[in-house]
Structure formats: C-alpha cells, structure tokens
Amino acid sequence: MGQIFDILIVNPMTNALLLLYELLGRNFVLAILALTVVIRAITLPLTLRQQISMARMSSMQPKVKEIQEKYKGDQQKMMAELNKIGAGPGAQLGGCLPMLLQFPVLIGLFNAINRTLSVNPLSLLDLGKHIYSFLPNLSSLVPINSQFLLWDLGQPDKLYVIPVLVVLTTFLSNKLMTPQSQDPQMAQTNQMMQWMMPFMFGFFMLSSPVGLGMYWLVSNLLGIGQYYITKPTMDKARAQYSLVGATGTPAMAGGGKTGATRAPITPAQLSPPPKSKIKAKPNLVRPVGERKDKKGKS
Amino acid sequence: MNKTKLLLGTAIAALLLSACGSREVAPNSFPGAMIDGDAVFIARGPHLYRYELTSGNETWIFPTTADAARAPMAGQPIKVGSAIVFGEGVGAEGRNLYGVDGASGRELWRFTKPKEWVDGAVTDGKLVFAPNGDGNLYAIDPSDNAPKEVWSFQTQNKLWSRPLLANGKLYQGGMDHSLYVIDATTGKQLQKLEIAGAPIAVQPTLVDGVLYFGALDSKFYAVNAATGAVIWTFATNGWIWSEALVANDKVIFGDVKGRIYALDAKTGAQAWSVDANDAIRGQPVAKGNTVYVTSFDTKVYALNIADGARVWKDPTDLKYRLPAKPLLAGDKLIVPLFDSETLMWAVDTANGTKGTQFAPAAVKK
Chain A
1 MGQIFDILIV NPMTNALLLL YELLGRNFVL AILALTVVIR AITLPLTLRQ
51 QISMARMSSM QPKVKEIQEK YKGDQQKMMA ELNKIGAGPG AQLGGCLPML
101 LQFPVLIGLF NAINRTLSVN PLSLLDLGKH IYSFLPNLSS LVPINSQFLL
151 WDLGQPDKLY VIPVLVVLTT FLSNKLMTPQ SQDPQMAQTN QMMQWMMPFM
201 FGFFMLSSPV GLGMYWLVSN LLGIGQYYIT KPTMDKARAQ YSLVGATGTP
251 AMAGGGKTGA TRAPITPAQL SPPPKSKIKA KPNLVRPVGE RKDKKGKS
Chain B
1 MNKTKLLLGT AIAALLLSAC GSREVAPNSF PGAMIDGDAV FIARGPHLYR
51 YELTSGNETW IFPTTADAAR APMAGQPIKV GSAIVFGEGV GAEGRNLYGV
101 DGASGRELWR FTKPKEWVDG AVTDGKLVFA PNGDGNLYAI DPSDNAPKEV
151 WSFQTQNKLW SRPLLANGKL YQGGMDHSLY VIDATTGKQL QKLEIAGAPI
201 AVQPTLVDGV LYFGALDSKF YAVNAATGAV IWTFATNGWI WSEALVANDK
251 VIFGDVKGRI YALDAKTGAQ AWSVDANDAI RGQPVAKGNT VYVTSFDTKV
301 YALNIADGAR VWKDPTDLKY RLPAKPLLAG DKLIVPLFDS ETLMWAVDTA
351 NGTKGTQFAP AAVKK
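As given, the protein sequences belong to chains A and B, one line each in that order.
Under the numbering used here, think of the first position of the first sequence as 1, with each following residue one higher.
Under the numbering used here, think of the first position of the second sequence as 1, with each following residue one higher.
None of these hints come from the bench; they were simulated from the model.
Remember, it's a predicted structure, so these values are computed and weren't measured experimentally.
Note that CB positions come from ideal geometry on N, CA and C, so glycine has one too.
Hints are supplied without guarantee of correctness; some may be wrong.
Straight-line Cα separation of at most 25 Å, BS3-like style, residue types lysine-lysine; simulated pairs [stated by the list, open to error]:
#	chain 1	residue 1	chain 2	residue 2
1	A	Lys129	B	Lys319
2	B	Lys287	A	Lys129
3	B	Lys219	B	Lys115
4	A	Lys129	B	Lys257
5	B	Lys299	A	Lys129
6	A	Lys158	B	Lys115
7	B	Lys299	B	Lys287
Now the in silico label distances, taken between C-beta atoms and shown as ranges [as the list claims (entries may be wrong)]:
#	chain 1	residue 1	chain 2	residue 2	range
8	B	Asp317	A	Ile4	19 to 29 Å
9	B	Asn304	A	Ile4	35 to 45 Å
10	A	Gly2	B	Pro114	32 to 42 Å
11	B	Arg310	A	Gly2	26 to 36 Å
12	A	Asn145	B	Ala226	26 to 36 Å
13	A	Ile4	B	Gln189	45 to 55 Å
14	A	Leu23	B	Thr227	31 to 41 Å
15	A	Leu30	B	Asp183	24 to 34 Å
16	A	Asn145	B	Gln189	16 to 26 Å
17	A	Gly2	B	Gly168	41 to 51 Å
Here are some chain A residues pointing at chain B (derived, C-beta under 8 Å) [as the list claims (entries may be wrong)]:
#	residue
18	Asn120
19	Pro121
20	Leu122
21	Ser123
22	Lys129
23	Leu135
24	Ser140
25	Val142
26	Pro143
27	Gln147
Bound conformation, chain B alone (with noise of 0.2 Å):
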C-alpha cells in the first residue's frame, strides 16, 4: 500500500469516526408545535420557527443562523405575555430557556442552566415551570424581560417531562420513577407517588380528578389525584412516552413498540388496540369521534374513538418520522416531523389529504 493512499484512508476514517461520535448535529430531542392565532411555531433542530398557519409562508426563525455548537431545540413552546418560551435539548454546555417576541422573533430573555431543557415549560401567565435535565423543576419569573428564578424544586434524577398545572399544583413526573405534587406558589413538596416502577416521561393528564400517565415499566396509571391512591393500571406490550387523551370516557394513548390502545376511563379495561409500525410518542388528539395518532412509523392514524375502525382508507404516509403531538386548526392537523427539511404538514381531518406544507421555499415543492 503506498504511504499516500494511507494517510488518506486514514484521515478519511478519522472524519468518519468523529461523525459518529458528533453528537451535536443529529436531532436528539422531540420537537414540539404550537398554535396562537393566524401563527404556528415549532422548535426543531437548530431553530424556533414561526409560520404564517393558512399559507404555511414562514415568517422569521431564531436565531437566524445555525449554531453548530448550540444543542436542538426541543419541546412544546408556549407563549407568556408577548413571549414565545421554549428551550434547548441535549447539546452542547450552557443550555438555555428563551423567550423571544412572538411578532418579531427578537430574543427578549434567555434563562441558563447547566443541563437540557428537553420538554419545554407550562405557565400560569406569571410564571413559567420549566423541568431541566439538571433534576430541578424551577419557576422563573420572567417579568421586565429579566428572568428571576423564584424557586426550584430538586428530584433525583433528570427532569425530562413537563408538569401539569392544575388547581395551583404542579403535576411532575421523574425519570427517578416518581410523580411529585408541588406547591406551585411555594414549591414545597405536597406529595410524593412512587407508584411506578421506572421513569415517568410524560405530562400527566387530569380529568374529573383523576390523573392518568403511563411509564417506562410498560404500565398506565389511573391515580386518584387528591389521595393519591391507584385506581386501576393497565399492562402494555412497550414502554408508555405518548400522553394520554381522554375523550369519549375513553383514555387513549400509544407504546414505543407501535401499539395504540383505547381503555374505559372508569375501569381501564381495553375497548380496542390498534398496531402501529414503530413507536408512538405524541399525544393524541380528537375531534369528534375519531382520535388522530401519529407514529414514527411516518403515518397518521385517524381511528374512530368507540370501535378503533380507520375513518380515512389508509393512515397517511408523510415519509418521516412524526415525533410529537399533532395540532388541530380547524378542519387541518398540523404534524411537526422530524429528520425531513420540511418541518410540518397540514392534512386534511376529513380524507387525510396533505394540504399546506411548512418549509422553508427552496424546499417547496
């Protein structure tokens, strides 16, 4: 072998092994979506962008250029005041919790902590609760665009779920297999559940006083929220990352292992499954009688909530993986997808058919 050929296979296989180990560039958190007004913004990838919802016309993105070095944004946004709030997954050191102005995409305050902010944050109007990789729940007011940290609440191992605020409590399930129940004003402990046997990577959802959230131990949980006492569980065929739906007096929610199951709210007995290709993570979401479910499998599902039976002929295939919650506009579905230059597509609720695609214009096709 000559000495040039050498080096230069040798130089090509160090570039190669240091891509595999980049870890940085490659998505790693799920992104998240939301809806205000004639404006739907997602964070993905090395952006949060916002597009105009009827045209799919993108109106800014921030920052405005790519950071190599910043970790993926991630997570559902929310908005606070004039605030889009949203934060950066696992990446690179020094992560933060941004607010930027909804109409303009100028950054208006950013919050830093050491570790991810993986699943976004949820709000009150005054403060914000936003959980970090760090294993604190912290509640920042981000009045005068100067964000204050008024207190944090530490659990045992990372935070990678937001909390669900309700009745001035906080809701926050643990990758340390335990669901908290916090003082929102104070952040004192009310409540300790250690009711599931591994981490708790979803939102809970509360329905006539009843919390339900599914776990990594492949059981879902129906808890009496005042007493904390179990209702009942269900087992599943995979780990449950996918918050629940209630609707019908139904729960409904998916496996990684591609199952979406229907169980009786009241009892948790299962009216219906249906299999999926590969893993549900999004919440699922309803109008009507029929449920919308996405997959990593790339296709949306669109079941009839009482029987499971597909209302359009065949799931609809947008060809990348769909990683988070769809949203409903009307007679459309925004799905945010991942791995794809196109960031979301609008299907119609009634057949299924793509509509208006959200993508940057050289992408459009």
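Excised from the complex, chain A in its bound form (with noise of 0.2 Å):
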C-alpha cells in the first residue's frame, strides 16, 4: 500500500520539487511554492465542493435537528425525511468525501518536501531510490540548498517565526472557511476547532524542519486568497441553500427556486458571478432560523 503511494504521488510530487528547484534558479522556497499553487490548483473543483457542502450542511442543521426530534423513535422514517432534504448519510459522506481525497495529496507533498530537503543520510538514500532516471541531471541538485533567509529549511525553526505564523494564517483560514452555523452546538464545535486547529499545527511546526512550515504558510496563504476569489461564489451557494430551512426541500441550481428535477448545485455551475448579480438578493442569506420565525408568525 505505501508503495503504491509512493509511485502515484510521493515520487511524482518529489520530482517535480526536484525540477522546480531547477527551473527557480536553485532556491527551495520558491519550489515549495509554485508546486503549492499547481496542488490548489488542481484540487480547487475538490475545495469548492466540500466548502460548498459544509454550507450546505450548514444552513440544513435546524431542519436536520427537527427531522431527528420529530422521528427519534423511527429511524427508518427519520432517514427518508433526512434523504428527503438531502441530508442523508450518503450527503454527508459526499460532502467529506473531496476533503478525504484532499489528504493522500497533503500527506504526499509533506513527505515529498520532507525526502527532498534530505536532512540525514537515510533521507537523502531514500531520495536517491526514487529519483527519476529519465530526468537528467536530477541528482546534481542534492543536496539542495536548504538555507533560506534566516533560516536552515532542514531544521526547525528556533526564532519560533515559522510556528508562529502557522498559527496565525491557520486561524485566519479556518475562521473564514468554515462557515457560520445555526445550530448552537455545531457553532462551538467549530469555535472550538478554530482555536485549538492553529495550535495544534503550530505545535507541530515547533519540531518540524522549517521548509515544512513554509508549504503550510503558504497553503493557508492560497488558501485565504482563494477564499476571496470565490467569494462571491460561495454566498451564492449558501443563499441558495439556505432556502432550504423555509422550504423543507433540498434546495436545487437556478437562483435559489426549488424544484426536484433540477440537478443539485456543483463548483462547475459556480463559476463568479458578476459583481451586479452578487449584491443582488440580500434577503436570501438571511438565516434560516429568523425566516422560520417570520414563517411561524405569518
């Protein structure tokens, strides 16, 4: 199994920073960076989705926890209500499905970076196994000049910059991506991520090689600057799928109109929409919670 990784991605993404390296006039950083850009860019349709499923998920969550309440003794009865609006355990797993396929790329370019800086010789052996043949000139690079400004890319940072600029751009990226949610527990479930996420990996950094604290600032980094690029996108998304609380029917692609033959929304169907259409329908974002009040009342 961990060869099989290994051929597919670990050994392609380790090439192509060997390569990169080359082509960016020897300087690591700058490899770490442009392949970082090429992965976001490939996996943008798969970031797109599972953002637009956890805002989908998002807006479902009082009409879930209705549906839960209303068939507790029924499970049988409470799936077909939760199917119904879409939020199935088929949806749900849908919706973590683009993030789980995220991962093997995360994972392959961390080892990658981590087999290319070669900071001890069983690295370095283990680098010689797998570079490319066909590539020429490849093995000239090593060892690759791992000092970068201030630091040694191969050791962990003991000016605690690194660390601490992961925690700050993780917590940035994590509170604008995830998404405000109406259901009080999963709201401090996700404040509770929020904190304790950026920690985490700045914990992390602390014994980490540097060039591996650089991929995450500047993942975080794309990350917050492909957040509002697709802005506009997302709040479209979320518009339309908030219409779902008020009507009990998975909400559908057309502007927030409902209706069972129309195809669930995709990142495809997304695309940015002019700025003149974005301002318009400021009544669709509100919350769901609130429309369901004023429904109650009328």
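Combine the two chains into a complex, taking the hints into account.
Here it is, written out as structure tokens:
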C-alpha cells in the first residue's frame, strides 16, 4: 500500500519539487510555492465542492435537528426524511469525500518536502531510490540548498517565527472557511476547532523542518486568497441552500428556486457571477432560523 | 460531537503530529562496527556498545543512559591509543566526537562542533581526521585526553564520508561533488578533482595507485591517484553509496537501487551483476573467492567473485535492514543491523547460518 502511495503520489511530487527547484534558480522556497500553487489549482474543484457541501450542511442543521427530534423512535422514517432534504448519511459522506480525497495529496506533499530536504543520510538515500532516471541531472541538484534568509529549511525554527505565522494563518484561514452554523452545538464545536487546530499545527511546527512550515504557510495564504476570490460563489451557494430550512426541499441550482427535477448545484456551475448579480437578493442570505420565525408568525 | 471527545481527539492528533515531526528518536545515520581483538564495538542509536566477540555478551555501553536529546551515534569507530573514537550523527545541536576507553567505556575526551559526524574518522595513529557536517575536515590531536584542533580544511558543502589516508595524503569526497586531495600534515589542498556530477558520499578505495569510488550521479570512477586523470567510468542503475572492494582483479560495489556490480579493475568492463531487492550501502568484504554483500533488503549475499554465482543456497535473511559494512572474524561474518533490538548477528561464512547474537540479554532468544 505504502509503495503504491509512493509511486502514485510521493515520487511524482518529489521529482516535480526537484525540477521546480532547478527551474526557479535553485530556491527551494520558490519550488515549494510553485508546487503548492499547482496542487491548489488541481484540487480547486474538490475544495470548492467541500466548501459548498459545508455551507449546505450548515444551513440545513436546524431542519436536520427538527427531523431527528420528530422521528426519534423511527430510524427508517428519519432516514427517509433526511434523504428527502438531501441530508442523509450518503450526502454527508459525499460532503466529506472531497476533503478525504485531498488528504493523500497533502500527506504526499508533506513526505515529498521531507524527502527532498534530506536532512540526514537515511532520507538522502531514500531520495536516491526515488529520483526518476529519465529526468536528466536531478541527482546533480542534491543536496539542495536548504538555506533561506534566516532559516535552514531542514531544521526546526529556533526563532519561532514560522510556527507563530502558521498559527496565525491557520486561525485566519479556518475562521474564513468555516461557515457560521445556526446550530448552537455545532457553532461551539466550530469555534473550538478554530482555536485548537492552529495551535495543534503550531505545536507540530515547533519540531518540524522550516521547509514544511513554509509549505503550510504558503498553503494557508493561498487558501485565504482563494477564499476571497471564490467568496461571491460561496455566498451564492449559501444563499441558495439556506432556502432549505424554509421549504423543507433540497435546494437546487437556479437562483434559489427549488424543484425536484433540477440538478444539485456544482462547483462548475458556480463560476463567480458578475458583481451586479452578487449584491442582488440580499434576503436570500438571512439566517434560516430567522426566516422560520417570520414564517411561523405570518 | 461532544466537547470532551473533541478535546481528546485533538490532543491525540497533536501528539501524533509531534511524533511525526521529531527527528531525534528515529535512526537517521548509518551505524558502524569495528573489531579489536576479542571485542566488537558498534556505534548505533543512543550508544556505543562493546560486546565479547565469541560469546556475544555485552561488556559496557556508552553513555550508560540514553538521552533523547542526543543525536544517534553513527559511523565506523576507530581505535586511537586506548580510545575508541566515534561521533554523533544528525540530531541535536552541539554534536560530539568522543574518545572512550576501550576497556572500561569511560569517556576520555570529546570534541564538539555544531554539526554531525556521520561517518566516523580515520587516524595515522597520532592525529584523528574527522569530517563534519559543517563542511570541514578536522585534524585533531587527542594527546593527554585534551583534544586540540591542529588544522581544518573547508569544503563547500557537508562532509558525510570518511577520507582515505594513504601516503601522507587524505582523499576526501565531498557533498559539493568534489574529491579533495589534502596534505595530512599541513591540511593544505594538493588537488581538487571536479569529476563527479553529484555528491561523493563514500571513502575512496586505493589499489595500485588507482582510486576507485562511486558518486550519487550513478557513475563509478577509476582515477589515477597521482595525476587525477580519469582512467575509466561506469554508469550504474542508481546512486552509488557503497564503498568499493577490490579483490581478484575485480571492483565490487552496489547501488541504492539494489544492484551488485563486479567490474574489471583495469578496464571497467562489467564482469557480472546481481540484483538484491533494496539499497546496497555497506562495503562488500571478501574471503577467498567469495564476496559478502549486505543489503537494505535485510539479506546477506555470498557470491562467487569470478562469476557472481551464489555460494550459499539462499541469501541469509536477518529480517532487518543491513546498512553497514560487515566484519570478517575468522569463519564468521559480523553483520550490523538497523532498526532492531539485536545489534549484530554472526553469520557462518561457509553456509550462511546464524550464530552468535549481539543484543541486550533481555532480547536474546
């Protein structure tokens, strides 16, 4: 299994890193930056799908809770109702799937950076086993120049600058990406994760080579940039899915209208709309609970 | 998800991640062993170990307690006077080259530099010549157990291999792709050979005025030691990180892809090759017409030097990676292991059967 993972994921990334290192003036930080951009671009559809799914599930929470409460004693009926609004186990798993698919990529990149930095003889020997012989002169690049500004990319950061930046950018990234939940318990969980994850990664970075911290930092910054670029798209998705709470019917593509015959919204369909369209329909982004209250009163 | 589970999960994840990031516990530099009379020494992991060669009983370990902050011991130990000299590999800051009394295991001296001593040192009986990860080759006088730096020679990158000392000259391969010829008395550069297209991570072998060595550019070189002229080169399947053995007019070595080569020492023509299943890093050793090669694939190969045919029915599988040169002791081959609690096995040179186990008493079966 490990060997297949190596062949499919880690080896191509390792060789790509070395190739980029050569092309970008033998600057390993630039190589990490370039490869991270490429990987972010390739996984963008998955990232968008995951964010849309998160927004959708978050918007549906009050309705899901309502169904769970209502059909507490009848699992079959509960599942049927959840499936009806598109929040059944299958849909929840479907939401997780894009994120799960991204893990091998992240782990692969992590391993590739570690292997390419080759901070010790064993890892350098390991690198030697995985360099593609058909790419000329890659062996002449080793050992790679691991010095960057104040840091040795192969050593932990004794100045603690990179771990601190990782904590800050992870926090910011999580804060931006996590959709606000109407469910108090979920909101509390999200908030706790927003605080704990950055410190967990910061703690990890204390003992990791600076090169890995650089990757994390670059990846977070790209994620934040990507958030602002795709924000209009996500707002549109949130607006559409927030109708679920009001109608009890799965939201479909098509400007917030619902209909069983329409296909679920996809990242491809959600290309950023013109600005004039984004500011329209402010009423669609009202919290579900609020709408429900109003509906109840009327 | 409830709050306690989340906290617990995050704490476990943090611990796992921090374990991934720790680079001081896992072995990362190659161990090395030496035989001195009836004792065998091995530098591996947190200690230098002394074992009785025949019984396999442990005599002492240095230091007596493992220190997690200390880098793992690495490289082939050497004997200088009564001291066994060895160093610390990649790991914590402030790495030491130690001189430890061979009989008692008492520390006699230490010489500290900020970077690693990956491949041990060589000696002329008086001075110790030790390459360091800071790119310097140090000449150290350990007289009176007060080591003094006599000279240092700076290269452009890390030094991860021992130099060869012959005829008052040191032949030092560098990670900066160069092979340096240095005057052992003065530390002055005599020659800088920029032949290889990649790091030279091995100690060259000198036979009849010819230097034999491989490099990480997947090429093997035969060079006139006096002039520096290349006599022949040979392209291999993978990087070469094993020192060469010259025996019966053949040059024998392996590459990191696991192929064992025997070349004609004069012409560089391939006599035979045999495939192991993983990297060859230790220098082969020969006895009579048989060459013994260890591999990361956990096996010891006994091959006929003439044609590469197997001498034993099957290679002996020691179950753990074999990263260092085996040692010949009479009719026994002492093989250092990686990763395992057993440090070394004695293997019968005639048939490959396992004999004495060199391990802490609790581990021995």
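Q | Hints violated by the structure (listed by number, smallest first) | A | 2, 3, 15, 23 and 27
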